[in-house]
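> The lines below spell out each chain.
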Amino acid sequence: MKPPLEHLVDACLAQLNSGQDLEAVLAMHPEEADELRPALAAAAWVRMDIPGPSRRLEGKQALLDAVVQRRREVEVTQGYINELKAGVPLASMLETAAPAMRPLLIAAWRMHTTEVPGPAPERVAEGKQLVMAMAARKRAAALQSRQAALRWPARTLLTAVANWPRARLARRAWSGAFSAIAATMVLAVGVTRVSTAAADSLPGDAFYQVKRLGESAQMLFAFDPARKAELEVRFMAHRKAELARLLEPGQPIAESAIRDWFAGQDNAMIEIRRLPRASQERLGEGLRSLVDRGVPVEAWVDDAARTALRDWLAEVAPPVNALAVPTAAPAASEAPSLSVPMPVERPLPPDDRARSTQPTGVEAQRPAVVAPVPADPNASGGDPASAQPPLPVDFFAQSGSEPRRDDDDDDRNADRGNAAPGAADPAAPATATAEPPEIIMVPMGPTATPAPGGGTEEPGGGGAAPGASEPVAPPSQP
Amino acid sequence: MHDEHELIRRAQEYDPAAFGEIYERYYIGVYKYVYYRIGDQTAAEDMTMEVFLKAMEAIDGFTFRGIPFSAWLYRIASNLVVDFFRRQPVQPSLSLEEKLVANTEHPLHSLDVQFSHQALREALADLTDEQQQVIILKFVDGLSNIEVAQVLGKTEGAVKSLQHRALAALGRVLGEQGEATA
Chain Z
1 MKPPLEHLVD
11 ACLAQLNSGQ
21 DLEAVLAMHP
31 EEADELRPAL
41 AAAAWVRMDI
51 PGPSRRLEGK
61 QALLDAVVQR
71 RREVEVTQGY
81 INELKAGVPL
91 ASMLETAAPA
101 MRPLLIAAWR
111 MHTTEVPGPA
121 PERVAEGKQL
131 VMAMAARKRA
141 AALQSRQAAL
151 RWPARTLLTA
161 VANWPRARLA
171 RRAWSGAFSA
181 IAATMVLAVG
191 VTRVSTAAAD
201 SLPGDAFYQV
211 KRLGESAQML
221 FAFDPARKAE
231 LEVRFMAHRK
241 AELARLLEPG
251 QPIAESAIRD
261 WFAGQDNAMI
271 EIRRLPRASQ
281 ERLGEGLRSL
291 VDRGVPVEAW
301 VDDAARTALR
311 DWLAEVAPPV
321 NALAVPTAAP
331 AASEAPSLSV
341 PMPVERPLPP
351 DDRARSTQPT
361 GVEAQRPAVV
371 APVPADPNAS
381 GGDPASAQPP
391 LPVDFFAQSG
401 SEPRRDDDDD
411 DRNADRGNAA
421 PGAADPAAPA
431 TATAEPPEII
441 MVPMGPTATP
451 APGGGTEEPG
461 GGGAAPGASE
471 PVAPPSQP
Chain S
479 MHDEHELIRR
489 AQEYDPAAFG
499 EIYERYYIGV
509 YKYVYYRIGD
519 QTAAEDMTME
529 VFLKAMEAID
539 GFTFRGIPFS
549 AWLYRIASNL
559 VVDFFRRQPV
569 QPSLSLEEKL
579 VANTEHPLHS
589 LDVQFSHQAL
599 REALADLTDE
609 QQQVIILKFV
619 DGLSNIEVAQ
629 VLGKTEGAVK
639 SLQHRALAAL
649 GRVLGEQGEA
659 TA
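Listed in order, the protein sequences are those of chains Z and S. The opening position of the first sequence corresponds to residue 1 in this note's numbering, with each subsequent residue numbered one higher. The opening position of the second sequence corresponds to residue 479 in this note's numbering, with each subsequent residue numbered one higher.
No lab work stands behind these hints: they were computed from the structure. Be aware that one or more of the hints could be misleading.
Unchecked claim - Chain Z is faced by these chain S residues, among others (derived, beta-carbon under 7 Å):
hint: 1; residue: R488
hint: 2; residue: F497
hint: 3; residue: Y504
hint: 4; residue: Y513
hint: 5; residue: I516
hint: 6; residue: D524
hint: 7; residue: M527
hint: 8; residue: F530
hint: 9; residue: Q609
hint: 10; residue: F617
hint: 11; residue: S639
hint: 12; residue: H642
hint: 13; residue: L645
Claimed, not checked - Pulled from the structure, derived: some chain Z residues nowhere near chain S, Cβ distances all over 12 Å:
hint: 14; residue: E6
hint: 15; residue: V76
hint: 16; residue: Q78
hint: 17; residue: Y80
hint: 18; residue: V88
hint: 19; residue: T96
hint: 20; residue: R110
hint: 21; residue: T114
hint: 22; residue: A120
hint: 23; residue: G127
hint: 24; residue: I181
hint: 25; residue: T196
hint: 26; residue: L220
hint: 27; residue: D224
Said to hold, decoys possible - Beyond 10 Å from chain S on every Cβ pair, some chain Z residues (computed):
hint: 28; residue: L16
hint: 29; residue: G19
hint: 30; residue: E35
hint: 31; residue: A42
hint: 32; residue: K60
hint: 33; residue: H112
hint: 34; residue: P119
hint: 35; residue: A183
hint: 36; residue: M236
Glycine included, each C-beta is placed from N, C-alpha and C at the ideal position.
Hey, can you work out the whole structure from these sequences and the hints?
This is the structure:
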């Protein structure tokens, strides 16, 4: 009579625990082997998973040996690196190195000897000038802030003394104001939602004017000069961030955005030089096309920045055909036309061409935009830019002599010394002229690198900056 | 060290000359670090400039707590690099040969140098972020183990170990590259 299967399993497990092999145990019970195999295999696996004390000790020792070995390798690596930096030839080190260390040694040698392409010297010098100029600006702002801080305590004290008799009256008014606060809060929720939508808007967007109105309101209620200066810097950063986004490939550039941005800058060239090179070139192309059209670009900057702007434009967007020799000297009767550049016709995309020639009432008020198109080096014959006549060397002087197309520009620039950057009249027309919108083809550069750090001024957030619009800040110190 | 303390004190008062000196003293190191991390000269120039502008904006909050100023600059650069890659659109990766053909940035460089450099960049990209940093800081910028540890916020021993693993991984990748091109 065969024993019950449960008893057989118990017996086999005892045999396994005594150290016998699974197959040997199963061989003792050939008839029940198929039934016993799954249970005994599971038992054997569990037994292997929980090793006995001796095996645990073996494992521990193996681990310690591996740690010692790794530590030795780390020290050997460090020794080789020290030798490498001391100038010991690679060949002599390879002779003594263990085979396993050789790839590592070669990798270290290649890292040590491979040349890094250096930065362009003019970019290094330019960066130094920029950093020093920004420091001077910050120093002036800090000085202004300190002076304001000295003035304000006395002023605050005087205001409190003057208002003291009215304090009781104010307490009575408070109860009436309480109900108004509730209504204001409801209104505030709505305003907040609109503000949120407006925060990321760009010139030409529906909510952009809301954004600018909000900034104007902040400036209006900033009485402290230090606060005003802080807001100026912040709004300047907003304009710069907007411009950086507008200068991304494929994004049309609104002329009004560039104009507003220039008008809001004390020294626009400093900010322009901070843009990535590819963006600078796109901006240069856009500006040059505006100059071609007779837009008074030179009036957007002050005298000091005008020369810098001219130099920069010549650097990033040199005149097309500037080196070409004219085939025929202009006739005397044609000379005056050079001093008043006329709008130049540019080829338009098919879908935009019809719209441009027949503007609707709404479109007639929209800003002119500069739309990027991929550069085609092989299409010089059909390249709209190459069809332009060569520009005179001093085109600013030339275009400055023409009649202004927008009288507002004079007032805006005359007052700019006191006007807050970014707080330009939000109701001002978006275009310098009442012309229908025009699309100007701007060749795109081969690369367009987005501004690191989100193109913003304010530090904060560190490497955890979540998105492109977020600033990257210096890390906090440990 | 006192010289650096004095320099930073002047910079914290926004002395333009102090910033000019800081710029000259640390520019090349930061540039090399950024260049190896992103592999594009123009973008590296832009980003290096941005590092110094960010440093200027935040220099008020800098105090010496046993960490050199250069380590602070490298951390700013590291953050900007991270942000740079976050903002980069996903692009189809080019093979090494395609990159060599496409890269016309340094026409004066010989093909050997270009190849060597591109191959290293390619190999480095296979390493972890920390491994890349330790290799670049050690070999490209020539920092000591202690300085690298200060930049990365690790112990000197951890940096040694990381360096060993990074070089081993780099050697493996370069070996695979060599086999692939052979």
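> Indicate, hint by hint, whether the structure satisfies it.
Quick rundown of the hints versus the structure:
1. With 7 Å as the threshold, the beta carbon of R488 (chain S) stays out of range of chain Z, its nearest partner Cβ sitting at about 10 Å, so the hint is violated.
2. Checking F497 (chain S) against chain Z by beta carbon gives a least distance of about 4 Å; that is within 7 Å, so the hint holds.
3. Given hint, Y504 (chain S) at the interface with chain Z, is violated; its Cβ is 11 Å from that chain's nearest Cβ, farther than 7 Å.
4. Here the hint on Y513 (chain S) is kept, as its CB sits about 6 Å from the closest CB of chain Z, short of 7 Å.
5. A least Cβ separation of about 9 Å between I516 (chain S) and chain Z goes past the 7 Å threshold, and the interface hint is therefore violated.
6. Interface hint at D524 (chain S): satisfied, since its Cβ lies 5 Å from the closest Cβ of chain Z, which is below the 7 Å cut-off.
7. Annotation: M527 (chain S) was flagged as interfacial toward chain Z, and the flag holds, the nearest CB pair being 4 Å apart, inside 7 Å.
8. The interface hint given for F530 (chain S) holds, since its Cβ lies 5 Å from the closest Cβ of chain Z, which is under the 7 Å cut-off.
9. For the restraint placing Q609 (chain S) at the interface with chain Z, the shortest Cβ-Cβ distance is roughly 11 Å, beyond the 7 Å limit, so the hint is violated.
10. For F617 (chain S), the shortest C-beta to C-beta distance to chain Z is roughly 4 Å, which falls under 7 Å, so the interface hint holds.
11. For S639 (chain S), the interface hint holds, since its Cβ comes within 7 Å of a Cβ in chain Z; the closest pair sits about 5 Å apart.
12. Interface restraint check for H642 (chain S): the shortest CB-CB distance to chain Z comes to about 4 Å, inside 7 Å, so the restraint holds.
13. At a threshold of 7 Å, the smallest CB-CB gap from L645 (chain S) to chain Z is about 5 Å, leaving the interface hint in force.
14. The beta carbon of E6 (chain Z) is kept farther than 12 Å from every beta carbon of chain S, the shortest such distance being approximately 53 Å.
15. The beta carbon of V76 (chain Z) sits about 9 Å from the closest Cβ of chain S, which is not more than 12 Å, so the claim that it is off the interface is violated.
16. With a least CB separation of 6 Å from chain S, Q78 (chain Z) falls inside the 12 Å interface cut-off, contrary to its annotation.
17. Listed as a non-interface residue, Y80 (chain Z) fails to keep its Cβ farther than 12 Å from every Cβ of chain S; the least gap is roughly 9 Å.
18. Every beta carbon of chain S lies more than 12 Å from that of V88 (chain Z), the smallest distance being close to 15 Å; the non-interface claim holds.
19. Against the 12 Å criterion, T96 (chain Z) stays outside the reach of chain S, whose nearest CB is about 17 Å from its own CB.
20. A cut-off of 12 Å between C-beta atoms contradicts the statement that R110 (chain Z) is not in contact with chain S; the least separation is 6 Å.
21. Consistency note on T114 (chain Z): stated as away from chain S, yet its beta-carbon is not over 12 Å from all of that chain's, at 5 Å minimum.
22. The non-interface label for A120 (chain Z) is inconsistent with chain S: the shortest C-beta to C-beta separation is roughly 7 Å, within 12 Å.
23. Look at G127 (chain Z): its CB is around 4 Å from the nearest CB on chain S, not clear of 12 Å, so calling it non-interface is violated.
24. With a closest Cβ-Cβ approach of about 37 Å to chain S, I181 (chain Z) is found to remain outside the 12 Å limit, as its non-interface label requires.
25. Taking the minimum C-beta to C-beta distance to chain S, about 22 Å, the non-interface status of T196 (chain Z) holds against the 12 Å cut.
26. Distance check for L220 (chain Z) against chain S: the nearest CB is about 27 Å away, which clears 12 Å, and the non-interface claim stands.
27. Distance check for D224 (chain Z) against chain S: the nearest CB is about 19 Å away, which clears 12 Å, and the non-interface claim stands.
28. Non-interface status of L16 (chain Z) relative to chain S is upheld: no Cβ of that chain comes within 10 Å, the nearest being about 41 Å off.
29. Once the 10 Å rule is applied to beta carbons, G19 (chain Z) is consistent with being away from chain S; the minimum gap is 40 Å.
30. Interface exclusion of E35 (chain Z) from chain S stands, the closest Cβ pair being 49 Å apart, more than 10 Å.
31. Even its closest Cβ contact with chain S, about 39 Å, leaves A42 (chain Z) beyond 10 Å, as expected for a residue assigned away from the interface.
32. Against chain S, the non-interface label of K60 (chain Z) holds: every CB pair exceeds 10 Å, the least being about 21 Å.
33. H112 (chain Z), annotated as away from the interface, has a beta carbon of chain S within 10 Å; the closest lies near 5 Å.
34. With a least beta-carbon separation of about 5 Å from chain S, P119 (chain Z) fails to lie farther than 10 Å from that chain, contradicting its non-interface assignment.
35. Annotated as non-interface, A183 (chain Z) keeps its C-beta farther than 10 Å from every C-beta of chain S; the closest such distance is 41 Å.
36. At roughly 13 Å from the closest C-beta of chain S, the C-beta of M236 (chain Z) stays outside 10 Å, upholding its exclusion from the interface.
In summary, the numbered hints that this structure violates are 1, 3, 5, 9, 15, 16, 17, 20, 21, 22, 23, 33 and 34.
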